[in-house]
Amino acid sequence: MPEKIYISGIGAISSIGVNVPELLASIRSSRHGIQHIVHLDTSHRGNLPVGEVKLSNEQLAERIQTEKASNFSRTTLLGIVAAREAVAHAGIDIQDGLKTGIISSTSVGGIDKTENFFKKFFADPTSGRLRNITSHDCGDSTENIAVDLGVYHYISTISTACSSSANAIMTGARLIRHKILDRVIVGGTDALTKYTLNGFNALKILDTGHCKPFDQNRNGLNLGEGAAYLVLESEKSLKQRNAEPICYLSGYGNANDAYHQTASSPEGNGAYSAMEIALKQSTFLPGDIDYVNVHGTATYVNDLSEGTAMSKLFSEGMPRFSSTKSFTGHTLAAAGSIEAVISVLSIKNNFIAPNLNFQSSIEGLNMVPVQELQENIEIRNILSNSFGFGGNCSALVISAL
Amino acid sequence: MNVFINGIGNVSPQNTLDNEDFLSDLINHSGESLYSVKPDYKSLIKGVNLRRMSRLLKNGTYSAQQCIEDAGQNELDAIITGTGMGCLADTEKFLANVYNNEEGVVSPTQFIQSTHNAMSGQIAMMLQCKNYNFTYTHRGSSFESALMDGMMLIEEEANHVLVGGLDELTDTYIAITKRMKLWKNEAIPQLDLLQHVGPGSLAGEGAAFFMLSKKPGDKCYANVKGIKMLFRPRSGDIVKKEIEELLQENKLTVDQIDLVVEGVNGDSNVDQTYYDLNESIFSNSNICYYKHLCGEYKTASSFGLWTACQILQKQQVPEVLKLKPFQTDGIKKVLIYNNYNNCNHSILLLEHVTT
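Protein chains in written order, with our numbering: chain A, 178 to 578; chain B, 25 to 379.
There may be inaccurate statements among the hints.
Unchecked claim - Here are some of the chain A residues that sit facing chain B, going by a computed Cβ distance under 8 Å:
| # | residue |
| --- | --- |
| 1 | His213 |
| 2 | Val215 |
| 3 | His216 |
| 4 | Leu217 |
| 5 | Thr219 |
| 6 | His221 |
| 7 | Gln272 |
| 8 | Glu292 |
| 9 | Cys315 |
| 10 | Tyr329 |
| 11 | Ser336 |
| 12 | Thr439 |
What the hints assert, rightly or not - Covered by chain B, according to a simulated footprint, are these stretches of chain A (three or more residues, beta-carbon under 8 Å):
| # | region |
| --- | --- |
| 13 | 293-301 |
| 14 | 362-370 |
The hints are simulated quantities; they were obtained by calculation from the structure and are not laboratory data.
Only a predicted model underlies this, so the values are computations on that prediction, with no experimental measurement involved.
For each residue, glycine too, the CB sits at the ideal point set by N, CA and C.
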């Protein structure tokens with residue numbers, strides 16, 4: 178039996194709330210965060226709806242009250258808010274002598290500041306403030322979060338596109354199993370940027386209305402932004418501080434589709450493998466899964482491919498499922514950890530979030546997601562999917578104690 | 025821990041494309057930036073559309089293929105890469121397109137190829153490898169993070185894991201980092217780097233891959249016994265303590281280390297940690313360095329590991345690597361220490377394998 182990996186704290190910021198209580202309240206009242214752009218400086222404002230965090234950089238900096246906050250990228254600011262919440266929620270004292278690490282993830286890093294720099298630099302290579310370019314790389318936000326929390330034991334950053342934070346969660350779990358760490362703060366952070374908005378727009382996979390995951394007439398995704406972190410702990414760490422976990426991570430799987438740079442294979446081979454590996458490790462059977470928080474981006478290709486893989490894995494009965502991206506938008510590197518936080522909340526509070534905007538099943542799949550909030554139901558095991566560019570496919574199984 | 029390196033690949037600013045050769049034909053470029061030697065891509069890369077790939081992806085693909093052929097192993101349980109800056113050229117191109125077209129219609133090609141995981145994904149597609157696939161991007165510990173993950177996988181169930189570290193130089197990157205005063209002001213011959221100690225180093229790039237395996241292969245280079253990473257250690261004493269701890273875990277003392285490979289880069293702001301160690305725990309050690317060959321970049325430590333692998337397998341130390349002259353009779357244990365920007369430090373312990 179591999180060592181049990183407990184989840185003892187969660188924190189999240191997204192378009193549906195600046196903390197976990199707000200996120201929970203939004204889901205319970207089916208209040209989504211997809212609206213027109215307010216803070217991002219882009220010519221797509223008014224045309225492409227997004228899941229934007231309803232605070233400016235100045236307001237975020239104000240909230241965290243740290244000396245250098247006015248220099249931080251939006252990715253760092255979001256990350257610090259969510260990571261602090263997770264640590265406070267777990268109630269861990271990072272300086273208590275146990276080995277604490279952080280594995281964060283991001284796909285855009287501090288490119289929001291790079292964009293400001295390049296505006297001036299392209300016109301004149303001797304101009305542009307250098308402090309706006311030093312946060313470009315992905316490690317920047319992680320190091321800022323680590324310093325803010327006082328975590329020095331082991332830190333790293335993962336960037337596997339839209340599966341990034343699911344991979345951060347599994348890496349954290351493995352670091353505990355290898356006794357490199359006693360506990361680890363895991364998750365991801367990504368801000369909305371011109372870079373990603375124009376990139377996904379160039380790929381023609383952005384819906385100009387509110388996205389419709391798993392619907393026959395789905396028309397693309399809504400980009401979102403946010404950050405979420407979980408505190409993973411070993412039994413040793415919980416015992417030493419006499420603390421109770423919320424639930425545990427019973428399985429994780431990582432596979433590659435090896436099909437196309439951006440699109441998933443029609444059969445969903447990578448998705449199927451990731452789910453199968455995660456489930457096998459959890460020792461649960463497909464019939465034990467009470468709910469699937471699907472990747473469900475609402476692009477034509479993803480939902481068809483994911484649905485096909487799920488139909489194969491759950492051939493003896495499809496569990497309840499929904500895409501919470503209809504609430505938050507697709508938050509890229511943060512998606513896996515935001516959805517893991519929602520999964521932890523579902524187990525703890527006995528609810529299933531609805532999949533908004535569903536009208537008719539994808540032809541040939543006949544899969545119907547949960548469309549209304551379901552409450553007062555016991556949930557033991559949740560499968561959470563995250564798939565990305567580069568064929569990266571990951572799945573997590575989160576289980577009740 | 026026993027993790028065997030059974031194959032290597034290296035596209036670098038030196039002649040490193042032939043694994044049978046070990047720095048016999050040195051390149052001594054003068055200038056602040058050292059670009060990789062361009063390989064004959066088509067000689068190794070088959071069935072892949074090279075035309076649209078950036079130099080980083082081409083160099084990485086070539087190096088990965090060189091490593092796979094060297095090890096004679098293309099059934100992989102995992103592909104893991106580390107990159108400090110990711111696909112810079114494509115990122116810059118896409119950003120420029122977005123600006124020049126005022127966020128109008130742009131081609132998605134550069135966007136697709138600019139994601140940090142493009143390299144690992146590309147190798148997976150080329151090999152049709154559907155297993156574990158990961159990308160780390162954490163400044164000066166990007167490559168080490170990938171290596172440590174690979175080592176954990178070998179300790180778990182994996183038999184063969186391909187691990188690589190890669191970064192690329194671009195004109196824009198050089199222009200910006202020059203303004204940050206990261207590099208030497210004057211054009212100096214690269215091999216004379218340590219005769220010009222002062223602020224700044226030489227900008228470099230490269231793509232080095234390693235085949236990690238559970239069992240030693242026919243041309244095994246080294247056995248990786250342990251790895252440690254440090255983030256902003258508050259003092260040099262912490263670095264010493266961690267080095268000693270890693271040695272203790274392997275029941276070794278510093279006197280039993282035959283060779284130390286250091287990431288000395290000629291930048292007086294960074295090199296002090298090395299000097300302090302060289303005057304204390306390494307005062308009797310034989311010391312090598314390599315960044316005058318490949319330049320400084322966030323995954324330069326992968327060139328350092330390549331150097332140590334070649335030394336251990338060929339049992340020879342080219343003079344150009346020696347910090348001070350020394351003679352050795354047999355190199356069994358090698359310690360690699362790297363300090364990136366006084367922020368990300370790494371310590372690696374390698375052992376010779378008799379094949």
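Verification of the supplied hints:
The interface hint given for A:His213 is violated, since its Cβ lies 16 Å from the closest Cβ of chain B, which is over the 8 Å cut-off. Because the smallest distance between the Cβ of A:Val215 and any Cβ of chain B comes to about 17 Å, over 8 Å, the interface hint for this residue is violated. Because the smallest distance between the Cβ of A:His216 and any Cβ of chain B comes to about 16 Å, over 8 Å, the interface hint for this residue is violated. Given the 8 Å rule on beta carbons, the hint for A:Leu217 is violated: about 11 Å separates it from the nearest Cβ of chain B.
Residue-level restraint check for A:Thr219 holds (minimum Cβ-Cβ distance to chain B is 6 Å; threshold 8 Å). Against a cut-off of 8 Å between C-beta atoms, the interface hint on A:His221 holds, since the closest Cβ of chain B lies about 6 Å away. Hint status for A:Gln272: violated, given a least beta-carbon distance of 13 Å to chain B, over 8 Å. Given hint, A:Glu292 at the interface with chain B, holds; its Cβ is 7 Å from that chain's nearest Cβ, closer than 8 Å.
Look at A:Cys315: its Cβ gets to within about 4 Å of chain B, closer than 8 Å, so that hint holds up. Because the smallest distance between the Cβ of A:Tyr329 and any Cβ of chain B comes to about 5 Å, under 8 Å, the interface hint for this residue holds. Annotation: interface hint on A:Ser336 holds; nearest CB of chain B at approximately 4 Å, less than 8 Å. Given hint, A:Thr439 at the interface with chain B, holds; its Cβ is 5 Å from that chain's nearest Cβ, closer than 8 Å.
With 4 residues bearing a CB less than 8 Å from a CB of chain B, the region 293-301 of chain A meets the requirement of three and the coverage assertion stands. Counting residues of the region 362-370 of chain A whose C-beta sits closer than 8 Å to any C-beta of chain B gives 0, which falls short of three, so the coverage hint is violated.
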